[in-house]
Amino acid sequence: MVGDAISHAVLPGIVIAFLWSGSRDSVTMLLGAGALGIISTFLIEFLTNKGNLQSDASIGVTFTWLFALGVILISAFTGQVDLDQECVLYGEIAYVPLDTIVLNSGVDIGPQAIYLLGAVLLMVIAFVWLGFNQLRITSFDPQYAISLGISATLWNYLLMAFVSFTTVASFESVGAILVVAFLIAPAATAYLLTKRLKTMIFIASITGILSAIGGHFLAISINGSIAGAMATVAGIIFGIAFVYVRSKTKGDAKITSRESIVA
Amino acid sequence: MITQIDNPVIEIHDLSVSYEKKPVLWDVDMSLPEGKLIGIIGPNGAGKSTLLKSIMGLIPLSSGYINIEGKPLKEVRSKISYVPQRESVDWDFPTSVFEVVMMGRYGQLGLLKRPRKSDREIVMDSLHKVGMEAFKDRQISELSGGQQQRVFLARALAQQADIYFMDEPFAGVDAATEKAIVELLRSMSAQNKTVIVVHHDLQSVARYFDWIILLNMRLVASGPIEETFTPELLQETYGGKLTLLTEISDLIQKNRFPNRE
Chain A
27 MVGDAISHAV LPGIVIAFLW SGSRDSVTML LGAGALGIIS TFLIEFLTNK GNLQSDASIG
87 VTFTWLFALG VILISAFTGQ VDLDQECVLY GEIAYVPLDT IVLNSGVDIG PQAIYLLGAV
147 LLMVIAFVWL GFNQLRITSF DPQYAISLGI SATLWNYLLM AFVSFTTVAS FESVGAILVV
207 AFLIAPAATA YLLTKRLKTM IFIASITGIL SAIGGHFLAI SINGSIAGAM ATVAGIIFGI
267 AFVYVRSKTK GDAKITSRES IVA
Chain B
35 MITQIDNPVI EIHDLSVSYE KKPVLWDVDM SLPEGKLIGI IGPNGAGKST LLKSIMGLIP
95 LSSGYINIEG KPLKEVRSKI SYVPQRESVD WDFPTSVFEV VMMGRYGQLG LLKRPRKSDR
155 EIVMDSLHKV GMEAFKDRQI SELSGGQQQR VFLARALAQQ ADIYFMDEPF AGVDAATEKA
215 IVELLRSMSA QNKTVIVVHH DLQSVARYFD WIILLNMRLV ASGPIEETFT PELLQETYGG
275 KLTLLTEISD LIQKNRFPNR E
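Heads up: the protein sequence lines correspond to chains A and B, in order.
FYI, the numbering for the first sequence is 27 to 289, going by our numbering.
FYI, the numbering for the second sequence is 35 to 295, going by our numbering.
Errors might be hidden in some of the hints.
Derived DEER-like restraints, expressed as beta-carbon distance ranges [to be verified]:
1) B/H162 with A/I151: 34 to 42 angstroms
2) A/S273 with B/D124: 23 to 31 angstroms
3) A/G136 with B/K55: 53 to 61 angstroms
4) B/T37 with A/Y183: 39 to 47 angstroms
5) A/F72 with B/D126: 20 to 28 angstroms
6) A/G261 with B/H234: 13 to 21 angstroms
In case anyone wonders, no lab produced these hints; they're calculated from the structure.
Each residue gets a CB set at the ideal place from its N, CA and C atoms; glycine is no exception.
Take these sequences, add in the hints, and give me the full structure.
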């Protein structure tokens, strides 16, 4: 849900970035959107923790308010320019290979998205790697973490900032459906299949990669939307995992109930 | 009846705490001795957990200050350890018993550093003390209530602190675990560790503690058990609840000068 909220809340960032730079260059827009994404997650966290609002209420208030602010900014200042969040948000994965970086020497070094998202990937891996213990303890037992002198607030905001930044960067390349689907489905699949945190992260990554590859071939074979096919495959993998886990636990329950009758 | 002492391990001065302008603790002023097993007793909503949380710096104080070993909390964090209420965390969180107890070492580890061999040995030793060695690779979602509480205690032990604050460690645990925990707490206080426990069950107060704090938003009493666990003070703490009162006087008669070795 936070991903969905961010997709709307970044609009004022895009407008402000445009007004400030005067260009519709995607990197500038991305910076504006990224900043607003992080601000909106902070605002959501702040309202939930300090304002004692329910988390869905604070998400709702934050993103509608920021989206509306963006709309007002557009109508007041940028009337003649075609500007909305589609400039940044609704990337289409099919166009990624077309948007390549060409060096001054004329050599094509491949799609821009690979470099941008590759950099984000490395940053996220470094963050999780270095902060693994702190992230685990502040997620599991924040009060205990504070009693040890580890700031639960700081790590929560750092985590949220990374979620937000990853979301915005991915929106620009692959579009909203894929981001929301891949934020949730692989992680949910992994949560069903294991109870170990490191295994869970590993399974989630593998599921994500399999969904992307599977979706790619599905889209080619049916000649349909790539993003739609990838999200569908992610959903199907989740469904298979769900049915598998359900049937397994049901089997276990039957056995134990029979045992207890016998006993 | 508040007994103040010289050279206290914990000194609380004029402490008041409120949640959203509603006062929860009023003007608590006391000093606690080192190496004792101390119980915090009082009815529901008396502010027992709040008192622990404010000492641990988890909630803002409206007024007053707290010194531990004569210093503010920040300078002595490594010497104190906290056991939160068992219900305060999600036990479905994907992690193992060993990993939870290892969290007790994180305060010393700091950012980037991986646990050393000595940290692992301390964790195993702590698990041994609570009798949970055999469960070290279990996922915490597979534990019973008593086992969860033992894991929390092991995590606190792994900090190797001098002062331990425990929020209802006996809530919802089986009799065997309660006995094991009490023995552990006794052996800790024998090593001159100070252990402060929020406790609910009046039946066992006289058997467990050396010193008690009677709390009902304000401090009713703080002192050695022989002087403080009296019908008058309990009545003052729990208010004039009649059913409770008769129960209490029965209890006092039964528990007056209990056998203690």
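Each hint tested on the structure:
Between B/H162 and A/I151 the beta carbons are some 36 angstroms apart, a value that agrees with the proposed interval 34 to 42 angstroms. Our hint of 23 to 31 angstroms for A/S273 and B/D124 holds, since their Cβ atoms are close to 26 angstroms apart. For A/G136 and B/K55, the hinted distance range of 53 to 61 angstroms is satisfied, since their beta carbons lie about 60 angstroms from each other. As the Cβ distance of B/T37 to A/Y183 is approximately 44 angstroms, the hint placing it in 39 to 47 angstroms holds.
Taking 20 to 28 angstroms as the suggested C-beta distance range, the pair A/F72 and B/D126 conforms, at roughly 27 angstroms. Look at A/G261 against B/H234: about 48 angstroms separates their beta carbons, and that is not inside 13 to 21 angstroms.
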